[in-house]
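Go by the hints and put chains B, C and D onto chain A.
Protein chains: 4
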Amino acid sequence: MDRLRIGVIGLGWFGEIHCEAIVGIPTLELAALCTRTPDRLAALAGKFGVRKTHRDYRELLADPNIDAVSIVTMWDQHTEPTIAALEAGKHVFLEKPMASTIADCHKIMAAAKRSKGILQVGHICRFNPRYRMAKQEIEAGKIGKIVAMSSRRNIPAAWTPEILNKIGPIVGDAIHDTDLMLWFTGDRIVSAYAQTVDVRGLKYPDIGQTMYRFSSGATATLETVWCMPEKTPFDIDERMSIIGDDGFIHIQDTFPNLGIVSRDKLQSPDTTYWPAFEGSRGGALREEFSYFVACAQRGEPPAIGKPEDAAAALEATLAAEESARSGQVVHIGSRLGN
Amino acid sequence: MDRLRIGVIGLGWFGEIHCEAIVGIPTLELAALCTRTPDRLAALAGKFGVRKTHRDYRELLADPNIDAVSIVTMWDQHTEPTIAALEAGKHVFLEKPMASTIADCHKIMAAAKRSKGILQVGHICRFNPRYRMAKQEIEAGKIGKIVAMSSRRNIPAAWTPEILNKIGPIVGDAIHDTDLMLWFTGDRIVSAYAQTVDVRGLKYPDIGQTMYRFSSGATATLETVWCMPEKTPFDIDERMSIIGDDGFIHIQDTFPNLGIVSRDKLQSPDTTYWPAFEGSRGGALREEFSYFVACAQRGEPPAIGKPEDAAAALEATLAAEESARSGQVVHIGSRLGN
Amino acid sequence: MDRLRIGVIGLGWFGEIHCEAIVGIPTLELAALCTRTPDRLAALAGKFGVRKTHRDYRELLADPNIDAVSIVTMWDQHTEPTIAALEAGKHVFLEKPMASTIADCHKIMAAAKRSKGILQVGHICRFNPRYRMAKQEIEAGKIGKIVAMSSRRNIPAAWTPEILNKIGPIVGDAIHDTDLMLWFTGDRIVSAYAQTVDVRGLKYPDIGQTMYRFSSGATATLETVWCMPEKTPFDIDERMSIIGDDGFIHIQDTFPNLGIVSRDKLQSPDTTYWPAFEGSRGGALREEFSYFVACAQRGEPPAIGKPEDAAAALEATLAAEESARSGQVVHIGSRLGN
Amino acid sequence: MDRLRIGVIGLGWFGEIHCEAIVGIPTLELAALCTRTPDRLAALAGKFGVRKTHRDYRELLADPNIDAVSIVTMWDQHTEPTIAALEAGKHVFLEKPMASTIADCHKIMAAAKRSKGILQVGHICRFNPRYRMAKQEIEAGKIGKIVAMSSRRNIPAAWTPEILNKIGPIVGDAIHDTDLMLWFTGDRIVSAYAQTVDVRGLKYPDIGQTMYRFSSGATATLETVWCMPEKTPFDIDERMSIIGDDGFIHIQDTFPNLGIVSRDKLQSPDTTYWPAFEGSRGGALREEFSYFVACAQRGEPPAIGKPEDAAAALEATLAAEESARSGQVVHIGSRLGN
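Protein chains in written order, with this note's numbering: chain A, 1 to 338; chain B, 1 to 338; chain C, 1 to 338; chain D, 1 to 338.
Mixed in with the good hints, there may be bad ones.
[What the hints assert, rightly or not] Below, simulated DSSO-like cross-link-like pairs (lysine-lysine); rule was C-alpha separation at most 27 Å, straight line:
hint	chain 1	residue 1	chain 2	residue 2
1	C	Lys113	C	Lys306
2	A	Lys145	B	Lys166
3	D	Lys265	C	Lys145
4	B	Lys145	A	Lys203
5	D	Lys52	D	Lys116
The set of hints was computed from the structure by calculation and includes no laboratory data.
Looking at chain A on its own, in the form it has when it is part of the complex (with noise of 0.2 Å):
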């Protein structure tokens, strides 16, 4: 069995993570990396061992080693760097937000179906086992028709003044409520509304709360919130409710189910996502990475991680934010991607 060399573009803390994932999954060769600055290309090039190293995405993709690219630039480069690796042949996992248009999703995936190479797009939700467990439930018919849902993702404070200069909470962070919620009901939404609020002054607001209606009937609210306080005692305050006409599913990750508190704080730190062992990154972002090798290998496109999924999500999220600026409800009109 031979090994998928992949090289990372985008080299910020989230594509080092991607290299701190892939060095652990013993069906995947971190062999290029690739930023523009020169220092950070060094340091990272060190910690991982990888010989191959580029300033230009470009020079990476023209390499016929490279099978794979794992694309984690900011979300509004995404464009140009995924279609170039399509046309290269290249099996590409792009990070969440696929893009920053609905215009550039559809380039995208326009550029996937010409390319010999597979297209994933980061929803690593989905491989959260309790997710994935309720998705199963779901489909088994287990809570009946979705009526209402309601969703939580609050991180603290401290992150975020950085990100909310690129990113709001709502496409940076709801996206990942929007993409599962979609995945639950199989249904697609027809109106956003969001308010959001600017605590901090930063670029984009610190909070955003929002109110979808789908297409069958059901309803939705998703809370995110990008300010929480110093001493909130989780790395993420996540929950879900699937409420159905005949059941219903509650999530709640990661708090409680590991507390520590030590002489400074009390913390529940993350073992869900990329929870770090020995070296290397576990959980559903190794999962994630497994699972598109396996689809890379046997040359055929995901189920999980869709292009034309990640663009609905994206959709909705876009209308919500403009509803947020407009103070009106947000008609989204037809099916994206027919």
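Just chains B, C and D now, kept in the frame of chain A:
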């Protein structure tokens, strides 16, 4: 010390619970009962050993030996008996919602101003020790300025088929959280947006999701599901998060502090609002009535359960229901009571 | 209706809390205070507006205008004032543990039999609505026959340096769970095994773990840690599981129903036992005193807080402490009070 | 990269789960199956598409194309096949408990020392990310010195009637927590006291409560109830508290991170140990096997799942069972493996 002699007007399921609370309070005497239905009147008179029974509340109000009344009629039949009782100089404990229109609230408030009796509206949640403690901590500046809130108040489907023909979940239940949010913020609500879902085809929809904007810029969502599936393991799934810019408060009542798994089911019974022990009701309901008696005996209007607060909560929930019908955001123009 | 005039004997931190509860109860009048320390006596007399103050409890007991006393002296100084009060015909509310030896318990019970006053021992947990509901459900047969139990009652280290020089966690706190387990099973304890850990070198060890065998064959473990680390997010971590052969009950109090994250810490304050609102104490402590007054006014010995029950709980915890010292299982021969 | 060809010996319910985990791991090939029961052998060979089937494990071990075996026979039938496999030079993954006597553990360890194959004992909890994170934090000094621990591992009565005729809850399940406690403390257990309860009259008692003393003075209780009532809403009620003198850790798995209320029941299914998705088992079991393969391919003995650790955990649980039979505290004299 004299006991306050009280009559109960309206003897539905909650009127009976009022009686069960009253008989456990040493400063109160359950002295008269009133309902139009003769069988029910006789049954409860027997159960509680009450001699004075009336089918017309005006008779009861004419009795000079009655000091106070508790009014537990249907929410749209509050106005007449309340005004009559106040005009008769009785102390009035009035169940929430205060009335069914803002115009009626104004009439009741005007009657209260002219009366020698006090008027307290039964917003029982303010006597839940958790919300009360939250209010103290907020007043003490522990969480800074409130920027976002969210609440849930979901109840089993089995409880609601009858009540959903009389009142919907937003005015019926989200009014509790609306009142609490107004109390915690000391602010007013400037707009409401809501979505409802009709699951069972009853007169009112089973589910309401509401979003408020406060004058300060704070945002809030309120979830009220009156059709929780049969095996739901709690009597009320009641939660509230209050996020400040310097701290936050999370309340979760009544689940999971007490879970009882019997042969047939898992249940988390109410121990907060009106738990029954040895023939009478304790909890917040007893506290609320005890507070009412203390205010009445001092002849001071209550600081908790003020009519103007109750009217403000009603106004916001009526606006939310209007929004759910129209699909539009509803703006709430003016401060109530000015 | 007359108010019961009560004096409080012993004015440590919990004596003061007794006073704060008493002043909130309309059927009680805080009429006298007693402690040996003049400054403390003056301070609390001022705080509660009490004119009758005594440094010798015999003076207080000689006052014919006092109907009842609450005895909150150190646990090994309960016997003399309790017997004297009963001999003086006062109603006595006695804090737990009832005494420091079984011989003293017998003396107190004998005095109670001869007295016209009633005697109630302050096993407050029986007034926690969750345990009370559990007892009702067990009596109703909801969980079948009890086969195993486990409890936890852990408190912060910051609270205990002083108290650990007076009493240890097994007799001091596991006695609550011992009493509850005896109540729930209606059984007696036949053996005790316990281990303690001395963490801070105080007079009593900080930690106790106890195991009981009941006459029915049921088994139980009790955890009492009096040195929970500084950042522990709750005032009491209190849990009990009661496993029957046909159901089970889980109680978790007071965490997590209320969590308050402020700038400095996460806290889960008590809202069950003696929450303070507007200058007086509510919760189980108020319920307990109200019950005491009702019994005293009817002249009936209390069914909750019976001396023989309190003595049985003491006997088991003393046996556990003896086991912890000897390293051996301690067998408890005979039923107390027979 | 070559795949490790593995055979599974013992095809009960958990042997099948081993197979389901193995087929999802790209570095493993499920190459052979062995059980005495022809029907079961044929059924699983068909299900997993395995051609090599054996009714005698010696045949399987004689096959030079088999690199490794997983031994999932009854716990008292581990010794012979394990020694034979090690003597045949195979890598061995051995389920816990390692054996049924300490003498057998010593024989297995001796065989492992002589073998070119590695030996890993399946203490799966060490691959639960929550315990793994706890271990990291303890090693990093976050909670200071461990002074007390407590654990619970309770499972539904419906699962256990058959298994209780083969093994009891202390050796069968408390061994997990025993192993974890030994891991966390890095200490040894010097005494054990335990009580069991026989609820259903099966070969082994349904309930075990165990108390350990560690060499450092730390104390621990372990609860294992194998008869949780029918409506119990979780697959495993698994909790551990680790109290240090400078912090503490609380772990609660798998409840309540996922709750599913269907028409018939409330359930909290396992998403930690071996959740099944798309035909194979993930979670800790997959991690554990992946770790085994990595160790085997490097030819290094595993640092997790070491035979001497497994033997120490067995020794303590056997002492606890002896204590439960004798009613006496059992002292554990010497460090195992020295």
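Hints and how they fare:
1. Lys113/C with Lys306/C: holds, 12 Å
2. Lys145/A with Lys166/B: holds, 26 Å
3. Lys265/D with Lys145/C: Status holds; Cα separation ~23 Å.
4. Lys145/B with Lys203/A: Holds, because 21 Å separates the two Cα atoms, which is no more than 27 Å.
5. Lys52/D with Lys116/D: holds, 24 Å
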